[in-house]
Amino acid sequence: MLDIAFAKTALPKSGALALLLEEGAAADSPTAALLAAADEATGGAVSRALAAAEFKGKRGQTVTVLAPGAGLSRVVAVGLGNLDGIEARHLEDAGGHVAVALAREAAGAISTAGLSGAQAANVAMGAVLRGYRFDRYRTTEKPEDKPKFAKATVLTGEVPKARDAWTSLKAVAEGVFLSRDLVSEPANVLTPAEMAERCRKLESLGLKVEVFGPKEMTKLGFGALMGVAMGSACEPRMVVMHWNGAGGAKGRAKPAKPLAFIGKGVTFDTGGISIKPAGGMEDMKWDMGGAGTVIGLMAALAGRRAKVDVVGLVGLVENMPSGTAQRPGDVVKTYSGQTVEVINTDAEGRLVLADVLWYCQQKFDPRFMVDLATLTGAMIIALGHEYAGFFSNDDALSQQLYDAGTASGEKVWRMPLAEAYDKQIKSDIADMKNVGGRPGGAITAAQFIQRFVNGKPWAHLDVAGMVWSSKDAPTIPKGATAFGVRLLDRMVAENYEG
Amino acid sequence: MLEVRIGRTAPAATAIAVPVAAGAPMPEQARAAAAVDGFTGAAGTLCDISTAQGRLLLVGTGDRPNLTEAGARAAAALLGVAHVALDAHALSPADAAAFAAGACLRAWRFDRLKTRPEPDAPKLAAIDLLTDTPDAVEAAWRTTSAGVRGALFARDLVAEPGNILTPQEFIERLAPLARHGVAIGVLGRPELKRQGLGALLAVGGGSVHPPALAVLRWKGRLRAPPVAFVGKGITFDTGGISIKPAAGMEAMRGDMAGAAACAGAIMALALRNSPAPAIAVLAIAENATGAASYRPGDVLRSFSGRTIEVIDTDAEGRLVLADALAWTARQHKPRAMIDLATLTGSIVTALGHHMAGLFDNDAALAARVAAAGRFCGELVWRMPIGEGHRRDLDSAIADLKHCLPERMQPDACHAAAFLREFAGTTPWVHLDIAGVAARATAEPAHAAGPTGFGVRLLDRLVAEHFETA
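Keeping their order, the protein sequence lines are chains C and G. When the count follows our numbering, it moves up by one through the first sequence with no breaks and lands on 499 for the last residue. When the count follows our numbering, it moves up by one through the second sequence with no breaks and lands on 462 for the last residue.
No lab work stands behind these hints, which were simulated from the structure alone. Any given hint could turn out to be false.
[Unchecked claim] Chain G residues, not near chain C, derived (Cβ > 12 angstroms throughout):
# : residue
1 : M(-6)
2 : A27
3 : L39
4 : A129
5 : E131
6 : P238
7 : G442
[Unchecked claim] Computed Cβ-Cβ distance ranges for the label pairs, DEER-style:
#  : chain 1 : residue 1 : chain 2 : residue 2 : range
8  : G       : A364      : C       : A53       : 51 to 59 angstroms
9  : G       : D113      : C       : D395      : 46 to 54 angstroms
10 : G       : T300      : C       : E495      : 42 to 50 angstroms
11 : C       : S428      : G       : T300      : 47 to 55 angstroms
12 : G       : M401      : C       : E198      : 32 to 40 angstroms
13 : C       : A8        : G       : A364      : 54 to 62 angstroms
For glycine and all other residues, C-beta sits at the position ideal for the given N, C-alpha and C.
For reference, chain C alone in the conformation it holds in the complex (with noise of 0.2 angstroms):
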């Protein structure tokens, strides 16, 4: 992770400067004290190949100057548009561009003059999230085509806030990254039983965790989960994690009513029996993604000390066609009593969260229950890659889910539940199907994890089109993007924090 220190607002002597300017910057504006210094230090060579290259300072202009002068290797530019109303994730993004500016540097100082101290840390956020690389498996890449970035010094003229907020945020990125990393690791390395291994590990964060395996799943009568996981060689695992933040720093005592966070970890998705086609199914090691996220997340609010009690649940299993694989047709008892007719066995995400979610409610009896799956197909086609889709049965929390996305920048929108959609996963010979037919896929599903919450507030979102991005965003390179950690961690920071 890039390595941030917070300084005052000083020109550097040497090495690499950005700089972060709003729009239409005025010499005598607050953004461009850097600037001035930096010209008068180079006789003029930055503002003339600023102006050259028509910089205006709008959000997302970047202009490298290499060799300015006075001992600076380059001089980068990026515009923050309009200071009124800028919010923490344009603040983002603009370190996010400084990053890739300065991917070629070992170091580099960032101005951020004109910005309060938490906007500093916002920057820094930007920049180390953008810097996430998941390099593990590469063994002939040579030095020089790494990005060398590894150290940030943010020049602030609130250092103590900066440090301050920068605490918080680097705990957050730290789930941002832990929750990458597992959705970019390759399913023959992230099994189930790995994955609860990462788990555990967590436990130097203060969380508590429990491992389930598939004798305590069994045995407790999880019913779906087991019937999705038996057709693997990998066993499944549910792992509970335990952050009771609210009685303070020390708080242990046991949470009355803590809020949920459940994730899909399907390890890998094949279909099962009913096989997917081979063409892209490697993208498949990221249907755990929404598992990953409540790890992240649990991580990130342990690792910030959060005043609130939290306990994150992930079902992990992988789902693979063998002779000991469960078949169309078969019907499962799930922990709930309820009997469900697996139609098809790639709509296994369901299932999986369907015994997960009735023990949530059963044994903790949370405030609400959110969670998170890589779900459907059907969601894609609805809104692709813009927004992730949720469901919920409570129109506050559902605010809640919408203002932090558009907060965070990890958009939701809402999508309907109603009688009519919930008709479509009837059964005739067991109390539902695991499928409704393909028009409103989203929906249907999200009707039948709608039967195993027991009417406890919750919202479920689907993040299928989410948590694996194509192309580079400001914040998030190509790859797994955490999706929902953010997001998330804003709403508990925003509404359940004492």
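We have chain C; now place chain G onto it with these hints.
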């Protein structure tokens, strides 16, 4: 349409339907049978009883009565009876009218093209509303029936096959609206060329039947800009050069349901003499595969002046709407524009067959449309247009593309992002009705076939929000 009479007696009726709310008292002669059947007036339930006076059908309306649905269920159960009465004594005039509306909508059938009577064909032809306040019920029915007639008019158009309802025939079928005071104008191919509706011309260019823009104007009485309904009227969609697979293609005779709904809505406003000025603009064409068809990769110059790179000729609805929306906005400066179109498979995947997708550039208008839909049982769900949806349409050689070629695209959102470019600053709502324009099979509350979705919604929208200046 069923013949609806309103009076105090119904001597010709051989069956009578009686609405019963949840737990409400039942007619004396029905009590024993109802008890045996477990009928308590729950919504959606019926109890069919034979009494000395004839057939008696108890229609449960539940706790929050939906009389339109009750009327539909009653009609479904009584399709074999030629003449039915409804006991509306306990109903408000609005509810009595709603019941009759439900019965008319459910009893609708398209049998114009059948030459032999079928043995099990429905016989239901007339319904008498029994009431002690016939004048009040008459007045309510006058208003409600306008929307019903508009919806059935739309259904009749949608049901017609592609060889019969060609673009020219579609226009012919609009002519009778003039009798109700609707002014009809048609821009044929030469005029479309002159005015520069390049997208509509391209889409319709492969067919032997030339495309046209039909404009229906209802003057109303208000001094206000009109509210505009813009409809996709593809009389048959082969997909064009990007031809569709054969299986199920016959359904594409219904690809003009949006335009039909707009025409039905104007008809409804005219029939009930709405004070609101309104205009329906129908983009009518056949998307045929032929030597003169437009090609993937073609760049079209639209009425608005923008150039469009064609990617898939089967995404033609948004092309004809682009011209129709821009033309309507410029020529008529409406106070609001609502377009209806059987536009994307994506919206069917997203929302199934129970709700239409709504996209907009005006949240207040969107909320009003949604409320009107809820009132009529024509449900819509608001969907977003994301920044990325528009960016995806950036083109290397034209101002924008109209869709993306890859699989698994959020095509309904792409289409909406595309259309928004042509709506400009006019308050605009787009309804993607691909999933709700027709039903595959009949149900107790719904006839099979075209639904006429949108007619009653638009009628209600105008009544609630556009009948004052």
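We went through each hint and held it up to the structure:
In this structure G/M(-6) is separated from chain C by more than 12 angstroms, as the shortest Cβ-Cβ distance comes to about 26 angstroms. Every C-beta of chain C lies more than 12 angstroms from that of G/A27, the closest at about 25 angstroms, which supports listing it as non-interface. Non-interface status of G/L39 relative to chain C is upheld: no Cβ of that chain comes within 12 angstroms, the nearest being about 18 angstroms off. The Cβ of G/A129 lies farther than 12 angstroms from every Cβ of chain C, with a closest approach of about 33 angstroms, so its non-interface assignment holds.
Remark: the non-interface label on G/E131 is consistent with the geometry, its nearest Cβ contact in chain C lying 34 angstroms away (cut-off 12 angstroms). Distance check on G/P238: its Cβ is at least 15 angstroms (rounded) from any Cβ of chain C, clearing the 12 angstroms threshold; non-interface status holds. Every CB of chain C is more than 12 angstroms from the CB of G/G442 (nearest about 17 angstroms), matching its label as outside the interface. A hinted range of 51 to 59 angstroms for the beta carbons of G/A364 and C/A53 is consistent with their spacing of about 56 angstroms.
Roughly 48 angstroms separates the CB atoms of G/D113 and C/D395, a value that falls within the hinted 46 to 54 angstroms. The hinted window of 42 to 50 angstroms between G/T300 and C/E495 holds, with their beta carbons roughly 45 angstroms apart. Restraint check, C/S428 to G/T300: a C-beta distance of roughly 52 angstroms satisfies the suggested window 47 to 55 angstroms. Roughly 34 angstroms separates the CB atoms of G/M401 and C/E198, a value that falls within the hinted 32 to 40 angstroms.
For C/A8 paired with G/A364, a C-beta distance near 57 angstroms keeps the hint of 54 to 62 angstroms intact.
Comparing the model with each earlier hint shows no violations; every hint is respected.
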